[in-house]
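So the number in this note's numbering is just where the residue sits in the sequence shown, counting from 1, plus 1.
Possibly wrong hints are sitting among the right ones.
[Said to hold, decoys possible] What follows is a set of in silico ranges between Cβ atoms, one per label pair, in the way DEER data are often shown:
| hint | residue 1 | residue 2 | range |
| --- | --- | --- | --- |
| 1 | I14 | E129 | 34 to 40 angstroms |
| 2 | W43 | L71 | 18 to 24 angstroms |
| 3 | R9 | V219 | 55 to 61 angstroms |
| 4 | P25 | G97 | 18 to 24 angstroms |
| 5 | S30 | T136 | 31 to 37 angstroms |
| 6 | E192 | I128 | 50 to 56 angstroms |
| 7 | G97 | E48 | 39 to 45 angstroms |
| 8 | V219 | G169 | 16 to 22 angstroms |
| 9 | D6 | G97 | 23 to 29 angstroms |
The hints are simulated quantities; they were obtained by calculation from the structure and are not laboratory data. For every residue, glycine included, the Cβ atom is placed at its ideal position computed from N, Cα and C.
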Amino acid sequence: MDYNDPTRIPKLIDALQRAWEGQPDLSLSALLGTLRNRGAEWGTSDEEVLEILNAMEAEHPSLVRWPAELPVTVQTTAPEHRVTLSGSDVVVRPVGEGSRMPSAWKATHFRAVGPGRSLIVTDTEGIEHRLGVATLVHSLDPDEAPPLEDLGQPDVGGARWFVGFEDGSRAIVGQRITLWRPEGRRATSQELYKFARILSCEEGAEMHFAPAGGGKPVSLGRVARVVLVDL
């Protein structure tokens, strides 16, 4: 960039605005502190600052439109949810209510969403689901997630997967496995498992894991769907 060229300024200000709008909970001083932590110092070129701002906005987009280039998880309030939009897959996890089973369905569209906007997702029957007001959007790059097949528990990190089973059961796989099984029309039961390794978890096949502490592999059922929901 030519530092004598004032036309470069709107481009930088626009990038700063989009990065800030993606994380509006940050104060300006906190946002500038984040820039410093990412390498923006005295003498850093405008081109490098622009790259940092674009990377920040890519991680926490200020606006996402259908169809999203990457899967995203949207935090919402009123009500509080963590909603993952991955292609046509939608996974809704209630926040602060560990006993509630996640819901999952297929979507055909969602309205443009970002912090401060309502998250409205249309399912395959044309029904609009109003899932709260977005507070933060987090992009998920599947290439950054460890493979779930043959995954050891110490290698999970912050990754989380939703696993839906053909019998209607649902699980969240992270540092441990939380499994919900339907009990009748309305009730569900919840089971927690500690594991040493995920042995298999492919769509159309049985999910098996090696329990922590040893013992025979455990089968949870035939897998219908696997969706990465957190990193």
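Hint by hint, here is what the structure shows:
1. Take I14 and E129: their Cβ atoms lie about 35 angstroms apart, and the range 34 to 40 angstroms holds.
2. Range check, W43 to L71: Cβ separation about 33 angstroms, and the 18 to 24 angstroms hint is violated.
3. Distance hint check: the CB atoms of R9 and V219 are about 59 angstroms apart, consistent with the given range 55 to 61 angstroms.
4. Restraint check, P25 to G97: a C-beta distance of roughly 22 angstroms satisfies the suggested window 18 to 24 angstroms.
5. The beta-carbon spacing between S30 and T136, approximately 20 angstroms, falls outside the hinted interval of 31 to 37 angstroms.
6. For the pair E192 and I128, the beta carbons lie near 31 angstroms from each other, so the given range of 50 to 56 angstroms is not met.
7. Look at G97 against E48: about 43 angstroms separates their beta carbons, and that is inside 39 to 45 angstroms.
8. In this structure the supplied range 16 to 22 angstroms holds for V219 paired with G169, their Cβ-Cβ distance being about 19 angstroms.
9. A C-beta distance of roughly 50 angstroms is found between D6 and G97, which places it outside the suggested range of 23 to 29 angstroms.
When held up to the earlier numbered hints, the structure conflicts with 2, 5, 6, 9 and fits the remainder.
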